[in-house]
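Engineer: So for the sequence shown, our numbering puts the first residue at 1007; every next one is plus one.
By construction, these hints were calculated from the structure, which means they are not laboratory data. This one's a predicted model, so the numbers in the text were calculated from it and none came from an experiment. It is possible that part of the hints are untrue.
Said to hold, decoys possible - Below, simulated EDC-like cross-link-like pairs (lysine to aspartate or glutamate); rule was C-alpha separation at most 16 Å, straight line:
| no. | residue 1 | residue 2 |
| --- | --- | --- |
| 1 | Lys1298 | Asp1273 |
| 2 | Lys1014 | Glu1092 |
| 3 | Lys1014 | Asp1056 |
| 4 | Lys1014 | Glu1175 |
| 5 | Lys1298 | Glu1270 |
| 6 | Lys1298 | Asp1235 |
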Amino acid sequence: MSAGGLPKVAVVGYPNVGKSTLVNRLTGAREAVVHEQPGVTRDRKEIECDWNGRSFLLVDTGGVDESERGGLAAAVRAQARQAISESAIVILVVDARAGIRPGDDELARELRSAPVPVIVAANKIDHVSAVPLAAELHGLGLGDPVAVSAVQGLGTGDLLDRVAAALAELAPFEEEEDAGARAARLAVIGRPNVGKSSLVNAFLGQERVIVSELAGTTRDAIDTRLELDGRELVLVDTAGLRRRAKLAGSVDYYAQLRSERAAERADVAIVVCDAAEGLRSEDLRVAEVAMKSGCATVVALNKWDIGSTDLDDAAARGRAKLRLRPRLMTVSALTGRGVARLLREAVALAD
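When you get a sec, could you build the whole thing from the sequences and use the hints?
Structural biologist: This is the structure we're talking about:
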């Protein structure tokens, strides 16, 4: 269940089988970054979906590649498995044209033991003549596959019918008491590797967004719901903003556009900076993006745990550089210092 009471439907599978394209098709929005490069979706992204009177959250996960055992791939697998553990239903997306590949059996074995319904989406069935390919996926032992084409939209209604039917068989979930209350949207933005995901994880108290020393680990603007003092919030952890000239034509270029749009849709933007480095020109540019979007802005000087003697001076210099004087606060995502205060300040600005 989500903080708002909606059941979750996790979309899992190998990299580049079309999970994000399918999620975008099912929700009717280009929310997740879609690219031919395998593994583009790294973090779990939750998107609300309605079908046949049933509301639920689709959880778009990073690709599970059992043949890749290193660093980030292992983190993505862990994210997918956590999504499975939190979900009411799992959709396993398989490339029907490729058939059952090495490692699919291992993933299917794990899903067969999961205490939730599993629906196999046989993707890339782009023509009726390819429908027989879906039947081959019966070998996964997870029931009748649903033949779909995420690109063309074929079969997606059938897939949603299966999801709605499975939800109807589950114990009815409790609707939000105050359905009219709009959640406050807080966008967490900043240049790469300043600790945005670590700060979001500190807000949530769990490793919800992949944290890595590799700059640019978060590529999507990821919506995560939580409650604070009875108030529903939506945290948007965005990809790091870089100069556009360096990004044109790349996956990161589209991720930057997503971040800018997230700021435009937010009530409050939390601009995360590295306290050890002070406010750099890129930080000022990110703050300007937030303020020009019209949302309230808080500048969070992160990594306040490093113990430098001139951090107070860095804060003072930072305030002097900000023309519009947004609220500037110090925080340490690592130790938790100032995290609750920052979140409550952002909520107050949203109100």
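Engineer: Each hint should be assessed against the structure and marked as holding or not.
Structural biologist: Now the hints, each set against the structure:
Of the pairs offered as hints, the one joining Lys1298 and Asp1273 holds, with about 13 Å between alpha carbons and a cut-off of 16 Å not exceeded. Of the supplied pair hints, the one linking Lys1014 and Glu1092 holds, its CA atoms being roughly 7 Å apart against a limit of 16 Å. With a C-alpha separation of about 12 Å, the suggested pairing of Lys1014 with Asp1056 holds against the 16 Å cut-off. For the suggested pair Lys1014 and Glu1175, the alpha carbons sit about 15 Å apart, so the restraint of at most 16 Å is met.
A hinted pair counts as satisfied when its Cα atoms are at most 16 Å apart, and Lys1298 with Glu1270 qualifies at roughly 9 Å. The straight-line distance between the Cα atoms of Lys1298 and Asp1235 is roughly 30 Å, outside the 16 Å bound, and the hint therefore fails.
Checked against the numbered hints above, the structure violates only hint 6.
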